[in-house]
Amino acid sequence: QQQVKQSPQSLIVQKGGISIINCAYENTAFDYFPWYQQFPGKGPALLIAIRPDVSEKKEGRFTISFNKSAKQFSLHIMDSQPGDSATYFCAASMAGTYKYIFGTGTRLKVLA
Amino acid sequence: DSGVTQTPKHLITATGQRVTLRCSPRSGDLSVYWYQQSLDQGLQFLIQYYNGEERAKGNILERFSAQQFPDLHSELNLSSLELGDSALYFCASSSGTSRSETQYFGPGTRLLVL
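Chains A and B, in that order, give the protein sequences.
When we follow my numbering, the leftmost residue of the first sequence carries the number -19, and every step to the right adds one.
When we follow my numbering, the leftmost residue of the second sequence carries the number -5, and every step to the right adds one.
Be aware that a few hints might be false.
[Stated by the list, open to error] No farther apart than 25 Å at their CA atoms in a straight line, the calculated lysine to any residue pairs in the SDA-like style are these:
#: 1; chain 1: B; residue 1: LYS51; chain 2: A; residue 2: MET74
#: 2; chain 1: A; residue 1: LYS79; chain 2: A; residue 2: SER54
#: 3; chain 1: A; residue 1: LYS(-15); chain 2: A; residue 2: VAL90
#: 4; chain 1: A; residue 1: LYS22; chain 2: B; residue 2: HIS4
[What the hints assert, rightly or not] Covered by chain B, per the in silico footprint, the following chain A stretches (three or more residues, Cβ under 8 Å):
#: 5; stretch: 26 to 34
#: 6; stretch: 74 to 85
I should point out that these hints are in silico values taken from the structure, not numbers from a laboratory.
C-beta atoms are modelled at their ideal positions from N, C-alpha and C, and glycine is treated no differently.
Hey, can you work out the whole structure from these sequences and the hints?
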């Protein structure tokens, strides 16, 4: 119930392609869903986040799609670039708490 | 550079020992979070402090403890260390006024328990 399941574990995409990372959750008490980007040797950095009252949020080339009924959300990276090569984590936070549950991460490699 | 500093960068110690990891939040941030990142467990939330008080607790072992001092820096104490405690430990900070605000992560402390 507390888990956030993330897939795929790794992803290779050609430059200019679309990268798609999926996450699923069980607990309907989650109400805030951020995505983090982590480069090797660095700490994670917030990329984009969404609340379940909207179905999509876009910031530049990054889009979160949210399906409340399916309890799934995904990160789409349009026009993927080699500089996007990093590990991406989805996360979820429960209403009324500051506790975060993270997915297991997706290692993205964008080929030049 | 996130503005969050963590010391030391690397730490090598033996099983059974005790270590202290230190975190200084960004200027003006009142909240500090601690996370553990390991290969098999991924990124795990450990604990959060806000202005010196514990606010949220995650998967933190009883052998681990933390505190936030009046100057807002925080320390994570790990005792009776086991091989499985080898991991990257991250500290993050935020203003602490909202769950949806950005957390800024430090560069991490890499702990190796031999």
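Taking the hints in turn, this is what the structure says about them:
1. Between B/LYS51 and A/MET74 the CA atoms are separated by roughly 13 Å; this keeps the pair inside 25 Å, and the hint holds.
2. Using a Cα cut-off of 25 Å, the hinted pair A/LYS79 and A/SER54 holds, with the two alpha carbons roughly 21 Å apart.
3. For the proposed pair A/LYS(-15) and A/VAL90, the alpha carbon gap of about 23 Å is at most 25 Å, so the pair holds.
4. Using a Cα cut-off of 25 Å, the hinted pair A/LYS22 and B/HIS4 holds, with the two alpha carbons roughly 13 Å apart.
5. A count of 3 residues in the stretch 26 to 34 of chain A with a Cβ less than 8 Å from any Cβ of chain B is obtained; the coverage claim is therefore met, three being the minimum.
6. With a threshold of 8 Å between beta carbons, the proposed coverage of the stretch 74 to 85 of chain A by chain B holds, since 9 of its residues qualify and at least three are required.
Violation of the numbered hints given earlier is absent; every hint is satisfied by the structure.
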